[in-house]
Amino acid sequence: MTEKTQQELVQIDYAPPARDWMDPRIDFVARRGSWSYPGAAKNLRYLGFPNPRDWSPEDADWKLPPNWQQIIHDGLAERLGKYRSLKVFLDTCVRCGACADKCHFFLGSGDPKNMPVLRAELLRSVYRKDFTTAGRILGSIAGARELTPEVLKEWFYYFFQCTECRRCSVFCPYGIDTAEITMIARELLNLVGLNINWVIEPVANCDRTGNHLGIQPHTFKDNVDFLVDELADVTGVRVEPSINRKGAELLFVVPSADYFADPGIYTFMGYLLLFHYLGLDYTLSAYASEGGNFGLFTSHDTIKRLNYKIYHEARRLKVKWLLGGECGHMWRVMHQYMDTMNGPADFLEAPVSPVTGTRFEHAASTKMVHICEFTADLIRNGKLKLDKTRNDHRRVTFHDSCNPARAMGILEEPRIVLNAACNHVFEMPENTIREQTFCCGGGAGLGNDENLEMRLRGGLPRANAVRWVHEKHGVNLMACICAIDRATLTALVEYWVPEVGISGVHELLGNALVMPGEKPRTTDLRGLPLAGMEGVADV
Amino acid sequence: MRVIWSLVLVGALAAIAFAGSRAGGEAVFAVAVPYLALATFLVGLSARVIGWARSPVPFRIPTSCGQQRSLPWIRSSRLDNPSTGLGAAGRVLLEALAFRSLFRNTRAELREGGRLSYAADKWLWAAALAFHYSFLTILLRHLRFFAEPVPGFVALLQGLDGCFRVGVPTFYVSSVLLVVAAGFLLGRRLLDPKLRYLSLPADYVPLVLLLAIAASGLLLRHVYKTDLLAVKDLAVGLVTFRPVVPEGVGGLFYVHIFLVSSLFAYLPFSKLVHAAGIFLSPTRNLANDNRRRRHVNPWNPPIVGHTYAEWEADFHDKLVAAGLPLDKE
Amino acid sequence: MYDGGKILAGLAAFLALALFPFWEPAVGGRVARPEPKIVTAEKRCVRPKAEMRQSHMELLVSWRDSVVRQGQRSYRDPEGKAVTMSLEGTCMRCHPNKAEFCDSCHTALVVAPTCWECHIEPKERA
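Taken in order, these protein sequences are the chains called A, B and C.
Per the numbering used here, residue 1 is the first one in the first sequence, and the count goes up by one each step.
Per the numbering used here, residue 540 is the first one in the second sequence, and the count goes up by one each step.
Per the numbering used here, residue 869 is the first one in the third sequence, and the count goes up by one each step.
Source of the hints: derived by calculation from the structure; they are not laboratory data.
These figures come from a predicted structure and were not determined experimentally.
Backbone N, C-alpha and C fix where the C-beta goes; we use that ideal spot for every residue, glycine too.
Treat the hints with caution; some may be incorrect.
Unchecked claim - What the simulated footprint calls covered on chain B by chain A, stretch by stretch (three residues with Cβ under 8 Å from a Cβ of chain A suffice, anywhere in the stretch; the number is not a length):
id	segment
1	557-568
2	850-863
Claimed, not checked - Okay, the calculated bits of chain B under chain C, using three or more residues with CB under 8 Å as the criterion:
id	segment
3	618-626
4	636-650
To be verified - The calculated lysine-lysine pairs, modelled on DSBU-like cross-linking and capped at a C-alpha distance of 30 Å, are:
id	chain 1	residue 1	chain 2	residue 2
5	C	K874	C	K991
6	B	K764	A	K472
7	C	K917	C	K905
8	A	K153	A	K246
9	B	K764	C	K874
10	B	K810	C	K905
11	B	K764	C	K949
12	A	K82	B	K810
13	A	K320	A	K385
14	C	K911	C	K991
15	B	K857	C	K966
16	A	K320	B	K661
17	A	K246	B	K764
18	A	K388	A	K318
19	A	K246	A	K63
20	C	K966	B	K764
21	A	K63	A	K82
22	B	K661	A	K318
23	B	K764	C	K905
24	B	K810	A	K246
25	A	K82	C	K991
26	A	K153	B	K867
27	A	K320	B	K857
28	A	K318	B	K810
29	C	K905	C	K874
30	A	K42	B	K857
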């Protein structure tokens, strides 16, 4: 944990410094705790990415290729031709400032370059210099800057200080999406070998083993078996998931953290209970063992490369359709990119719930359904026997994760599941939920330890809202549908609101789901005693 | 101090027009410059839009600001998260005509003990709306100079705009609103430290230019009155391609027409292209029907990836040890 | 995806709107430039012609205020001659041709004077 106290962190000055924003200099040593370690050479080598080497942002010389300016210039020119979004976003900003205090990193740090408008301006100024007549002639008067090594370092700092959460885009009168700007800026940085290890190592792992964590197939099986045993202990029911089984009706894809670490594993246990309850004909895959996609934080080509295995595996296993677990950026990719990049999925069938017969028309082309959509349909059709009192030891709030909220709009489905599974659900203030939800502070590959101070700052708006429901309603658990959230929010609330825990939505469903043949439950999936069972449960 | 730049620039433009028209350049400022400015505006704006259009939209990336359309019994947000082309068109129109996103604006405040609060802040929205609609009204009112007979809607608009009947000639609501709103927008740029920090000369130029246009226009109407029939001769001459250089309209008129010409000529090369950009913004103009209908990327690169066969070969022994099924024995 | 057709259609629609003044005459027709016709009984007006052309509305309103609010009806012109402040009695005596004298410009410039809300419009010979 960072050594700074809460009192120190909230001394935030929103008044901009005297130094003009066009001055790019950054003291990386003084700013330790707010940047991430660079990508290790071995990962770049494995992926065939440019310029693998050992370096540190604190070095004066970043060991760039000699023609790095040309590489960036050509890369930007190429992308201007490929993405209308980039062109329009670079040309239309009027700097009205509506986005300024919408960014969690600005709110938590007061650093003016975390105002989305200025973050984009870092790239826009170079675009003006290289691609507009006024910028070429008038220079800084026209807001143009030369691409110097200092500017490049500034890009590295600030484009890896954006979690691509799209909150600014909700408020922008032209819909300018800083996530899009950041994604393309990171692509450019990658061209000269600038990236962070917390992104690039998962990417390399995912390409090699099938998942970000580098879990190999035998360990994958061990982990699943372990969770099956745990479930048997808690419920007395032995579930029987299958792995890499051909001919199953559907392939279930989850973020790897769900079968790896607390608290994601409890969400995974919830999925397994639900599927067993339904007698669902599904399989997991040790190859397509990652729904998440850190390619999203690297480049469009990398998204495609990592996402490839999903349809590839679905075709190989001859399943009919895909079901996806709770994960934020995974769903940005599945919803907005997968079909375009690796489709058409004409070898699959339009998804139909085998339990209710509901046709998921909205997924007819991509053929992938979100588990919350699937479960909400079950609840609506009265297919689940739920004992809400088994979540009575929890007073729950719901955190809308950025991507599902702002790149998809799955707002009601998780709430339907939560309200069916819990008696005590409370909303955070309206400016902090749904499409206005605040980031956990550690998305887009920034959820690492060396960047912790910045995460805690960026997570301040979220933590504030949690503290509010905690104080007002006694909330002690925040549910979410994102694996990165489950990891980063845990650290966040531990620092800001330690009385509140983090869970997935299907963990709570798993608690409430009355399994045929189960033993009387005394604990929840975590082994914590249920309300009224404090003396009975052996914990 | 970037605002000084724009004051100097606009001042210089006004001086050029004033002195130039006095020095016998009437024809230049009355005829050549307006034609040139209009051509620059139309060609420049078209080129800009076509330039945008030449880059594809490889991915469908709407920003969803409400419930998606998924299960039929869940009420979806048709305009903030449209699932049809019609809905998306509605969303863009709402954005272009009513500044929908700006209406969401909030102001964050850090209170005692690091507590953040968010209050609705509609001032920017209100000022922007007032500014744009008064500008449009004023533009349309000027049609009285270009058309003979004047279309009926111009009289109607003028009647509404002048409904308070204050002063002779009447002060128009739009004139007052334009000046107040532009003044507000300029004021917040100068007074809000964040905005002052991020504002470029290019942010002040349009506001100062517009205020100068409004000022010269108001002066021409209320103080240094010009010969409106002569102005109408010029305007009608321009649109019928039989231009006449007006007599006795005065230097201030040339300042006004030159600043207006400058604004139009400047528009395609500045941030003012946001007027066209909003229609092409991929986070706003696309339906969020991604999983329903496949979006095609014209430059979609060939599919590459670590295939299952390669993966199985890499982990063969471990798959066998774990008892997982294999494609190849 | 380009949506080129939609964009070009939108652009064309905008250009058509922007060029409205250029094509409007073809639809709405064109009327010749108005010229106020002056028929006068007196040799000169109460103020110089150029000034009247620019500022007659202010003079008329000041007359109205003077008559209606102060009951003061006498006006001295620049040469010291007393004139009765009266639209119908003074102005219209020299300019009885409202349609040609007043309306031609007012219509061309879409000016809607409020005179005839209180005064009775003169009946002109057709």
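Just to be careful, I want the Cα atoms of A/K246 and B/K764 compared with a cutoff of 30 Å; is the pair within it? Distance of about 87 Å is beyond 30 Å: violated.
Would the hint linking A/K63 and A/K82 be met if the CA-CA limit is 30 Å? With Cα atoms ~29 Å apart, A/K63 and A/K82 stay inside 30 Å; holds.
Within a Cα-Cα threshold of 30 Å, do A/K318 and B/K810 meet the stated pairing? Violated: A/K318 and B/K810 sit about 52 Å apart, past 30 Å.
Between A/K42 and B/K857, does the CA-CA distance stay at or below 30 Å? Roughly 23 Å between the alpha carbons, so the hint for A/K42 and B/K857 holds.
Coverage of the segment 850-863 of chain B by chain A, judged on three or more residues with CB within 8 Å: holds (count 10)
Three residues minimum, CB to CB under 8 Å: does the segment 557-568 of chain B make the cut for coverage by chain A? Let me know. violated (count 0)
Pair hint outcome, C/K874 versus C/K991 [Cα-Cα no greater than 30 Å]: violated (56 Å)
Under the criterion that the straight-line Cα-Cα distance not exceed 30 Å, is the pair B/K810, C/K905 satisfied? violated (49 Å)
Do the alpha carbons of B/K764 and C/K905 lie within 30 Å of each other, as the hint requires? holds (21 Å)
For B/K857 and C/K966, compute the direct alpha-carbon distance and say whether it is at most 30 Å. Violated - the C-alpha atoms of C/K966 and B/K857 are around 104 Å apart, more than 30 Å.
Sort out whether C/K949 lies within 30 Å of B/K764, counting only the CA atoms. Measuring from Cα to Cα gives roughly 27 Å; hence the hint holds.
Proposed proximity, A/K385 with A/K320 (alpha carbon, max 30 Å): Holds, because 27 Å separates the two Cα atoms, which is no more than 30 Å.
Hints 1, 3, 4, 5, 6, 8, 9, 10, 15, 16, 17, 18, 19, 22, 24, 25, 26, 28 and 29, counting from the list given before, are not met by this structure.
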